[in-house]
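Peer 1: If you want the building blocks of each chain, they are given just below.
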Amino acid sequence: MTGLTVATARYVELIGEADEYGAIDLVLDMIDAGVPAERVLLDMIAPAQRRVGELWAANDWSVAREHAATAISERAVAAVAGKVRVPPGRGRVTVACTDGEYHALPTRLLAEVLRLRGWQVDFLGASVPGPHLITHLHQRGPDAVALSCALPTRLPRAHATITACQAVGIPVLAGGRGFGEDGRFARLLGADGWAPTADAAADHLASGRLPHFPAPIDALAHLADEEYTQLARRRADLLTTVMGTLMGAFPPMATYSQQQLEATTEDLAHIADFLAAALYVDDTRLFTDFVGWTCQVLRARGVPAASVALGLRVFHDELAEFPRARRMLAAGAKAARTADDRADDGAGDTAVEGAGDRAGDRAGDRAGASAPADAYSETGH
Amino acid sequence: MTETRPTAGAVRPAGVSRTGQAGKTPPVPDPALLHAIIEASTEGVVLCDADGRFVMVNSAAARLVPELAAGDPPAAARSLFDRTCPVGETRHTAHGDRLLQVRRERFSLVHHAWYLRDVTGDSARTDALLEERRRNEFLVEASRRLSASLNTRRCARATAELAASFLTDAAMVVLPPTGRHASWLRALPDGTLQEGTIALGDTAAVPGLSEALAGFPPVPSRWLDPAQAPAWLMPEGFGQAGHLLVTPLPGNGVPAGALVLARREDGPAFDEADEILVRVFAARAGAAISAAVLYQEQSATNATLTGDLLPPALPPVPGVEIAGSLRASQQTGLIGGDFYDVYLPDAVTAAADPGRRPLLTLGDVCGKGTGAAVLAGQVRQCLRALLLLEGEPERLVPLINRSLLASPARNAYVTLVLGALRPEPSGHTQVELAVAGHPAPLVLRADGTVEELASYGSMLGVLKQIVVTIVTVDLAPGDVLLLYSDGITEAFGGPAGREMFGAERLKAALATCAGMPVAAVVERLEQISTEWLAHGEHDDRALLAVQAVRPAPRARDRERAAR
Chain L
47 MTGLTVATAR YVELIGEADE YGAIDLVLDM IDAGVPAERV LLDMIAPAQR RVGELWAAND
107 WSVAREHAAT AISERAVAAV AGKVRVPPGR GRVTVACTDG EYHALPTRLL AEVLRLRGWQ
167 VDFLGASVPG PHLITHLHQR GPDAVALSCA LPTRLPRAHA TITACQAVGI PVLAGGRGFG
227 EDGRFARLLG ADGWAPTADA AADHLASGRL PHFPAPIDAL AHLADEEYTQ LARRRADLLT
287 TVMGTLMGAF PPMATYSQQQ LEATTEDLAH IADFLAAALY VDDTRLFTDF VGWTCQVLRA
347 RGVPAASVAL GLRVFHDELA EFPRARRMLA AGAKAARTAD DRADDGAGDT AVEGAGDRAG
407 DRAGDRAGAS APADAYSETG H
Chain B
107 MTETRPTAGA VRPAGVSRTG QAGKTPPVPD PALLHAIIEA STEGVVLCDA DGRFVMVNSA
167 AARLVPELAA GDPPAAARSL FDRTCPVGET RHTAHGDRLL QVRRERFSLV HHAWYLRDVT
227 GDSARTDALL EERRRNEFLV EASRRLSASL NTRRCARATA ELAASFLTDA AMVVLPPTGR
287 HASWLRALPD GTLQEGTIAL GDTAAVPGLS EALAGFPPVP SRWLDPAQAP AWLMPEGFGQ
347 AGHLLVTPLP GNGVPAGALV LARREDGPAF DEADEILVRV FAARAGAAIS AAVLYQEQSA
407 TNATLTGDLL PPALPPVPGV EIAGSLRASQ QTGLIGGDFY DVYLPDAVTA AADPGRRPLL
467 TLGDVCGKGT GAAVLAGQVR QCLRALLLLE GEPERLVPLI NRSLLASPAR NAYVTLVLGA
527 LRPEPSGHTQ VELAVAGHPA PLVLRADGTV EELASYGSML GVLKQIVVTI VTVDLAPGDV
587 LLLYSDGITE AFGGPAGREM FGAERLKAAL ATCAGMPVAA VVERLEQIST EWLAHGEHDD
647 RALLAVQAVR PAPRARDRER AAR
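So the protein sequences, as listed, match chains L and B.
Count along the first sequence from 1, add 46, and you get the number used in my numbering.
Count along the second sequence from 1, add 106, and you get the number used in my numbering.
With the rest of the complex left out, here is chain B (with noise of 0.2 Å):
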């Protein structure tokens, strides 16, 4: 081996093959003339010997491997000019600061040479560029994920796995506080998720955080001394974090908290290319909580607004069992113009008058939709008021038509039934019915004859002269008395698809519920009407039974009444 001295800029032919001698084979190429040709690669070449000793070493080489001109065969190069490598295959070794690619060819069977090149620049560029197409796909998926729910929850969980699935070993966010407190919610790489509620004032103990949460001053995201962090700041059992960064998340004009970032002691620190990509990540997540918080607010209001809307819960009436179901024409709400109710006397009036009666009405508010929903509420509320005074529907009738007549709405048109319960001990239950402009109630008896009550009267909310139909029906037990609104009737639909349902085959279909609990005819008669519109458009629909029934035969079922 130390027969071969390389130098820089200057290849020296040194045991150059003999078996190529002058008249035996074709002349071999003057060394001169080989020098030349591996000095002009810009590869690194290194041409050895049988034994592995140098012979020749071009300039790109030596530039390479520096070491390769200090004279010694370098020990600290050895991995370069591993033997053990198949020939002609490539491979990347590191090299100081340097990736190097290095091949190794055979010549004859005594000669084989080296060629390396520098690859560090090509390999940091795919590094690069992996890294961002990760950092990329994490901002696709990050959009795909936050962008789906408008629930500040979902969002903020969202926004927690998310981080702990990409930027760190613990991803926390605490939502814009609600009253004295925040909510906050955690999420771990391995998919584990934690919530709580820490006091507003706890806050404080994070430099930063209360003025992430409040939105103001805006604050830049900031490095934390991680022995400074509170205890709850941390997941249980995590330890001491390394590196720990809080994050504001700016909202679309709304502050929506904060996010806080965790490394483990032992994890890469957070380098600038990582902010920067937790700062367009907290943006977007950001921007998905406070439309979500945005949306949560508008729809509590919304759901305070509309709850006198909705239909009642329909409280114990003696003597008989009530079941309604109202289907409301829009699709995404749940108010429209028809509307039930039962009333029972409050005390004080029960008290001043002991005949008076439960009351129940049905009725629909010309249009659909909103408006007509809170007109719809305006008439419970009216006829609620007006059951103080009064209780027998042929006076109440005329005074709601008063009160309609008076509205500042417009086209305040209501059509209804109004019914007094009177149950007997026998068993039966009187109704007396009012009836104005609305679709004639049915009666299906328990041997399934079913009649229609012929009553017409007037709508309300018209003409200042209505005339008011009063029929009385008596239930037996198990009778049923059967109000509803047109929406149920004049829908259209069937095999065909543009036939009107009709009263015919509401008698039909009521007639083959014979026997049945009031519960189990409404949602009979309901799931007939759906399917027979058959996902078309529809209007409002408005279902309200009565049954007379005997009274609860044992004692458990008193006791459990009372309960």
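Only chain L is shown next, with the shape it has when bound in the complex (with noise of 0.2 Å):
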């Protein structure tokens, strides 16, 4: 193990610690030691986070736990930002979540390499509504918009996104795993360029390779078919009467008390988003993925992929008219199929094993699927 790795480790139980300033002392020594800031930035504090997230989604850690690790982790690039000080030697970049991300921190480190490169950063924060980043473009007039997503339930926001910032003129480059592993949706939706990580991201605006001026791009044309305008229209109604089918396909749901119910709505609103984004980019493996991913969160939480699969069935039944859904639907009740015969077998991951002491400490939380999908994009998916 390499220093810096023993270092994350350390700083991993910091955080879950909330220790803060353990863990910014921590941060602040590995710079006076000589590490470069992007270093500390990108191999310990990055790291860090992805491990936070894996450590939620086995149900180690409770959610305010990774919360407070993250926020700390905030106050963390904070102090190496405050640190190390470059003077900007080149053109201005503004870096912004699209509308609905929370997940500011990937794109903090983003903002703060940026910086340490020499670039003139204008960091925008957390979930930046299209008007607000359209006004401060017009505003500041940056030679590049970074755009992080981390969900793919924000693609279709994200598009809006990119297609207003090209529409003034500024090339976007894309980030985040929303755009997936190897970035074919930020291809596909017209990003003048794709980056999977915060120094690929500086490398790819150091290069040179974004457009001074973005081309105009075609409209996608499955979207000709209006399953996602339609779905999404319809989101509200379409919840209650999978709700109300769910009652009474699976008894044991008349007991359930009002917060349970709640959360068993979310989790269906969840499939739904899911299953929107997935229409939108018209990527059936966007949502097997997100199957396999809450069957395995809800595993950890004694929680039968089964269950999932029953949601499923019912969103495919309620949307007769929309052949490209249900053929999604229908590959998302195989891979739930799949990871529940995974699970039979005894082939399940640590996340399962660890999960028998606490079987049953969220399981009657939640009927019928999911989990914070807000989760998702933190655990390498």
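By construction, these hints were calculated from the structure, which means they are not laboratory data.
Only a predicted model underlies this, so the values are computations on that prediction, with no experimental measurement involved.
Hints are supplied without guarantee of correctness; some may be wrong.
Unchecked claim - Here are the simulated lysine to aspartate or glutamate pairs, EDC-like style, with alpha carbons at most 20 Å apart:
| # | chain 1 | residue 1 | chain 2 | residue 2 |
| --- | --- | --- | --- | --- |
| 1 | B | K613 | L | D71 |
| 2 | B | K613 | B | E530 |
| 3 | B | K474 | B | E496 |
| 4 | B | K613 | L | E308 |
| 5 | B | K474 | B | D414 |
| 6 | L | K129 | L | E63 |
The task is to assemble the complex, starting from two chains supplied on their own in separate frames and drawing on the hints.
Peer 2: What follows is the structure in structure tokens.
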């Protein structure tokens, strides 16, 4: 293990204990010891945050502990930024999260890396509404926008933002797991560039590969079937209907508390949102990946994947006039069954093994389906 | 080759094929008939025998290639009659100042003929058409790029890049001066971009530039003697320019700067068509730049005016951590009728009244948008002034009420919470709260219990007599006090789309935040609220949370805090 790996493990411990001062001291000590600031950000804080996501997914950490740890990392990044100053010598870049996107830390890391490499950076933070971003672009006139989207469910919004930035003549570099691990959604949605990591994004900007003025892009032909539009428009009604049907199909739900019912509705809403995103980019894998991840997260909390499959079947039956959505739901149900079989075979990962003693701890909370989707992006999906 | 002597206006049969003797094969046309047929063609026709000797030349051919009349087979026309060219193939060959279309056909084994046509005019028309199309495409692209941005620098950059891509070897835009300097931006065809500023005095060295920048007197484009151009006008390493054109950018009633185009010495000069194109382009670029200049001025004024209406940066307060979030209802702006603020006693007040406590407030002005934001700013400013004289929430609230009643603004109604913070050495913080018509503050205990502080009180700005409710809450280290506006609890949305978020959901959401630092609490609640709205319409939403914390445990932190 390298010194940085050891330090990262220690750092995860510290933020897990909500030891803000300890964590910040550790980070600043690394810099004092001569580790470049960019390495501290990307090889220590970033992997630590990925670990935090995994710990949450495996039900080892609570939501509160995960958020507390992330808040401390935010401060650690700020401490690094305050300690290492670089005079700006390159152009100006605006860094923003897509509207509705609250995973600001990876984006913040990118902003700091760019600053360390001499860019003038305007960091707009989490969940930037499109009109705010465009107003900012008119006022500051940056050379490029680095747009982050960690969750695929924000892709339609990201698309609107990309198009709007390009309409005001500013090229967009896309990043974040929401655009696909290979960046395929960034290309599909017409981003001028894509980078998988913060340092790759910084290299991309430095290479000058972004066009000076973005070319107009084609519309997405598959949206012509209006399945996405209809699903988005009917989301509320659909969820109400699906919830009703599920109540009939799953008798134990009759005894659910209000809170349990709301948690179930929320889970169904996540299914609907991921389905809508998959329809928007016409990518079944986006949906099956989500289902697989959800099953894994729920298994760690003692909920069988069969309940996910049940929820998907109700959606499938309800969406009779949506052939494309039905194909995706069928593929999703198959992914859920596969996940269940794997769990039955005892071939589960550590998440399952570690969950035994906590089974029931959250299981009662959730009837149907998934878990907070906002953690989806942090666990390597 | 000497046997054939074609002369203009006459075709002399010579060496005509003898293969068509009468009686053996169908009769050959009479040479006079053949001559007449060839002569009637509007294409030039030159008939040759197997050795390439001219047998007949019609007058059209003689007109196109006068050398044919001269007697000798013209060396100058040899490229026209190139026998290596495949039969039947059409090619274009320049001859003198004409462009000729040439084709060779073979007749029997012996004879072949050249057909000539003058396409000089066609070609010139095609070239002109293509050139016209290129100019149009350039102007369409220019319009697309110039209309995109309202940012001055982006517009100047687009102007320079467009000019460099089509018009010239180096294009420089000098923007209207601000103060005693003018910014400039230069683009080269290879994509290089350079930026800088020049002193206004230096622009006088370039004839016409000062006038163009001032927008007065109106001047046309002008040619410059490249030798007289100052060094800063040229890119480094460009060398001596061959042709230099300075064109004013006429804005929409406002000068938009000037465009300086330079071509290299070995490049073509600017012709009249170029100049017309440059003028049309400059008009479009000038309109875009002057619109951007106006927008930037307006938006700078706007930023100054609204600066005090934005949520403030929260100062560090001993014993507590504070975090706030404000999301305005309007899509393009950041201001609204919700507000929060934290006030520390100034040095004079602190010296005069050592017991003076830091104060925080969160409130909600009736209405939304700019009008509400102005009133919210007034309330914050009013409170700042009152704090010079009074520090007790119980007495401050009636003073704010009186101030609002006296306000000329209509509907100056406000609900708010005022809290005075008293941190204790134990790490606990006592908060004394005055609530005036505002949703009840919540307290999150370290164990996840959520308490609603029973407190009502009157809305301010309506009645002379008001009821102020005072509650005191003890925050143990880790406990969080949450103030919020009704935009949070009255948000309509949720999975079903029509449900109000409500105080119960807020309490449940707050309960899940136990153990989080206060910044994470606020961010999480804002996220939950935003997701509840699911992009629906919403009111202004404000959150302000205070968490009691133990003093920093390490020397390094105190050292850091002091920096």
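Peer 1: For every hint, state whether the structure bears it out.
Peer 2: Hints, verified against the model:
no.: 1; hint: B:K613 to L:D71; result: 35 Å, violated
no.: 2; hint: B:K613 to B:E530; result: 27 Å, violated
no.: 3; hint: B:K474 to B:E496; result: 29 Å, violated
no.: 4; hint: B:K613 to L:E308; result: 15 Å, holds
no.: 5; hint: B:K474 to B:D414; result: 16 Å, holds
no.: 6; hint: L:K129 to L:E63; result: 24 Å, violated
Comparing the model with each earlier hint shows violations of hints 1, 2, 3, 6; every other hint is respected.
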